[in-house]
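**Q** Sequence:
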Amino acid sequence: MVAQKGRIVRLEIENFKSYRGHHRIGPFYDFTAVVGANGSGKSNLMDAISFVLGVKTAHLRGSLKELLYSESSQERPQRGFVRLVYEDNSGDEVAFTRYIMPTGASSDASFHSQYRISDKTVTWDAYNNRLKSYGILVQARNFLVFQGDIESIAAMSAKDLTAQIEQISGSASFKKDYDVCEAAKAAADEQMSFVFSKKKAVVAEKRQKKEQKEEAEKHIRMQEELDVLKAEHFLWQLFHIEKDIREALDEAKEQKEELNESAKALYAQEQQIEAKKKIVAGFQKERLLLERRLKKRKADADKKSPDVAKVKEELSRLQKRLKAGSKAVEEKQKAHAEQRQLSAKLQADLQKVTDAQAQLEEDMKRAAGEGQVHLDAQLQAEYYKIQEEAKSKTSRLRTDHEALRAAQEADKEALRNMEESAQDVSARVAQLAADREKLAQSRASTSADLKAAKESLAAKKAALSQAADTNRRNGAQRDFLAQKLEGVDGQLREAKADRRESERDRRAGEAVDQLKRFFPGVFGRATELAKVTQRKYNLAMAVVMGRDLDSVICDSEATAKECIHWLRQNQVAPMTFFPLDAVRAKPVNERLRLLGGTAKVALDLLEYDSQLERAFITICGSTLVCDDVAEAKRIAFMGPERHKVVALDGTLIGKQGFITGGMSGNEAARASRWNDSALEGLRKEYARLSEDLEKLPPHREAKQAEQLLSSEIAGLERETQFKTAELQALEQKLAAAASEAEALDAEAGRKLPGAGKLRSAITERERKMAGLQKRMHEIEDRIFAAFSEKVGVENIREYMEQNQAATEDFARRRISLTSQAAKLKHQLSYEQRRNLKKDAEAAEADLRKLQDNLERLQSQADEAAQASAALEQELSAERARMDDLKAKADEVEADIKAMKKAAAKQLADGSALKHAMAAHEAAVEELRGRHADIIEAAQMQQVALPRKGDRMRTEVDDEDMGEEEEADEGTDEDDERAKAKGKFKLDFSGLKRAKTAVRGAKEREALDADFRAEVEQREKALSKAAPNLKALQQFEAVKAQEREREEELEAARKEAKAAARAFNAVRQERYDAFTAAFEHIAAVIDPIFKDLTRSSVHPMGGTAYLSLESPDEPFLHGVKFTAMPPTKRFRDMEQLSGGEKTVAALALLFAIHSFHPSPFFVLDEIDAALDATNVARVAEYIREKTRPKAEQRFQSIVISLKDNFYEKADALVGVARDVERCCSATYTFDLTRFETG
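Numbering follows UniProt numbering, in which position 179 of the sequence shown is assigned residue number 179; successive positions increment by one, without gaps.
Since the hints were made in silico from the structure, they are not lab data. Be a bit skeptical, because a hint or two may be false.
[Unchecked claim] Have a look at the derived ranges for each label pair, beta carbon to beta carbon: (1) R478 / K1128: 52 to 58 Å; (2) K1039 / A558: 32 to 38 Å; (3) G756 / Y830: 17 to 23 Å; (4) K278 / Q569: 38 to 44 Å; (5) Q1068 / E1184: 35 to 41 Å; (6) T576 / A1076: 36 to 42 Å.
Glycine residues also receive a C-beta, built at the ideal position from the N, C-alpha and C atoms.
Kindly generate the complete structure, drawing on both the sequences and the hints.
**A** Right, here's the structure in full:
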């Protein structure tokens, strides 16, 4: 049992509204209903409860003066009070009293409230705090619902609901602090912004003065730095030229050694390839033998398939018969159980009738000996004499009365016969209705089984057709794939061209394939994603794309970072990534497409997916491709705008004018990537076709499935025929029962008019007989008056007639009980003759036979399945061996392919080494000439270069030059000008490491451009400089102002932080309070709504939930309430009916009340808009919540005008108008005395 928090015991009212004088109302029970006519004062009773609990007079329809009794013009009281006696959970009573008292003695004095607790005057705050201690929140009004509040709750907006939750949660108490703190925070932020702007102005002025100061100080220094910069530029150029010469000589020597090693490795590789081919042939031969043996065993297994299919078909048919038999047994057992129950009931009813007959006989004997008046012989003679006199005086009236009585008895007997006949017809009609209902259930069940069997038959036929089609398609697909596979295999065998793929490139390709599997955003390498429109452009496009040829294109920077992390973890060589979301490509100038000749935009020579366009624009840029070098030079240097152009032989002309390339082994290998991509596509196509061929189901299994479907179809066709016949028989029985019921209805219809006429005649005759009887009684009473007084009875006639009536009543009751006993015996005899037990036992025996047959067939099916599984296991082992042989052969084939690839690469590398050696020798000669030109330019500009040692000899031969290069790591001039001016050993120690470590032509070009741009910039700066010499003093003054502004800003920041902390604290408190209430209400609203809408038709009830418009600051926005009654779709509250809105509003009201529940709940006509069904549900819900075992139990006081509501209450408080006193009166009635169970 859940403990009661507290309850209202009684209410005392004096001179309040319509209650004149002193009224004591109560006691109030757990569920008390207040009833009464409109205008009687029911709502005034609720106002009294609200008044004593501290509700403001604005909600009570009047001021304090208007709340005093004022309906009598004779009496105008100046004082009044309402006292509520409350019993807390410990059983102690506390009296809360609120007085209405005038402030003075004059008639126009104002009034005020006085609060008392247990007759002790207290302040409002103390009064309110005491109420709060019992869970009664006056401001939130969590204990009452006024008349009309339900409609306002149903029409409540989202913001209004938020305000309601703020009241009940207590978060509204933080609103004032919230607004104050928010305003303080805004003001502090504004002040900080103002101070910051002042500081910003000072900082700007300081920056300006600092720039002027630094400009003056740097003016001289810049001139010195310019000279140093020029020297550094010349020295940097000379350093890299000497470095390039050394590297070129070293690379030429290394390439010669590599060429010798490559020839030796190529011979060894060819020997290994031949050995691997012999191993592959052995694997393929063994695999072919296994494949032949596997096909033979499959053929043997196919011969046994029909027997297995037949067993499965018979097993399926028996399972269906077993299901039908089980259902028949259940129905017959149910009928037998119902028969037993009916027989027991009939026997019990017969015993009751027999007992009633015995009791009637005892009552007759007891009545015969009681209440008799004994007359002596003289009085009897006098009685009979007076009786004869009365008979003579009423003889004519008695004759008429007897005639009417005889006719009346005849009509009553006829009516009784008609009614008994109608009862028999009704009983037969009821029996027929029950039989028809059972037949209808059987028909529905049989019809459903027939429908299911037909649907299953149709599905099986469709499945058979589909299986046949699938087998045909698979066969055609198998032939098609085999043909395609043979064609692709032929193309792969024909692809014998040399492919230059290094081990590093192979590993990079494998890494990209893994990246594409692991990261869906990786599209692939540029060579894989683009195709050159014509093969002749392969070399030129390889030069255009340069190092980006193997760059990887992906969808985003995040994907690129994940790929780089994966490469590092797996120790794979670095790769370049192009994330599409970060690429900012400029469109190609359309004028480049109109140049004419053979010139084409490089981007137009590629075919690629449109989503990758930005990546390829970035890679190719505005580069042009021409057929020959001459045209390329003309386009590159023609006009005011320079272009980057590539010829078909790989010659590249840059925008700066440098020319590189021509046909080389390295570029040819890079160009071959396009062919490798096509070859890789063939390999993937071969693998895909092989996988698709393996995925096709085996022909043997498909045929078995087709045979099994055919056998199941035959069984379903037989079942369909049986169910159709059974359904026809049930239809005939139903038609016969309906025909008999129709005939009985017609018979009853024919008898109804006659019965009606007889009833009318009997009623009219009764009226006439009563008139005659009255006249006879008046005459007899006058004649017997003296005798009645003499005997000592009030009326001797009535006394004698009562005795006669009692005797007649006993006779009628005896006949009725005898008739009931005969009917019950007849019906019991009929039920005992029906042997339903035998039918049930026979059905059970048939079911056991079916189960035995099913077990036998199941055993056969299991044996067949085990044999099939064993065979399949053996076949799987052989397939695994074949797969293993194929894998080993593929592995060796892969080794052969890799070895052939490596041999082809070694051959190509040897050719490339020869070309590279010649190129390095030419490059050395070119570098020596550039070295001499730079020395001469430095001397002409009078730039001193740092040197090591003294002046050296002016002429050396080629051999001495080579020795000096090796010993001193310097460089000599080899032209006539250098010999005339002598040789110097330069000192490069002053160069920064970052600049000497630069690698690559592009980085050198960029750094050279930076040098030149910086020299030009410094020269321009020196020419324009005009420093302010007074900037130093001005700069110090501005620094002092900056310190002052910094202190002001720091103070403003502290103030803003303090305001923000205060605001955030109040906001969090308000948020916590609101969220606690919302989460509780949201959690209980749905169960409450389900309780209010649940019924036998809709046992699950409706659905209701709350949702926030703003989860961050819910108290500043709305709370949306959604309710969906049973079987209704989602719709706004405005579209619900009045009753649905009321139920939803009540659910919301009870949910809100459950957060801070008061010990009692006062409700005023909440059922006004509800129909009878919903009224009963609401009343039942309230009753459940007021029971001792209810969770969150509360006392409920409800004002209602509907009997199906207040009949659920424990007690009634009736309110009526006392017309004489011109006021309301109350009555209390305890209903718990009439509770049953």
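**Q** Each of the hints needs a verdict: does it hold here or not?
**A** For each hint, the structure was consulted:
no.	hint	in the structure
1	R478 / K1128: 52 to 58 Å	holds, 56 Å
2	K1039 / A558: 32 to 38 Å	violated, 46 Å
3	G756 / Y830: 17 to 23 Å	violated, 33 Å
4	K278 / Q569: 38 to 44 Å	holds, 40 Å
5	Q1068 / E1184: 35 to 41 Å	holds, 38 Å
6	T576 / A1076: 36 to 42 Å	violated, 56 Å
Hint compliance for this structure: hints 2, 3, 6 are not met, and every other hint is.
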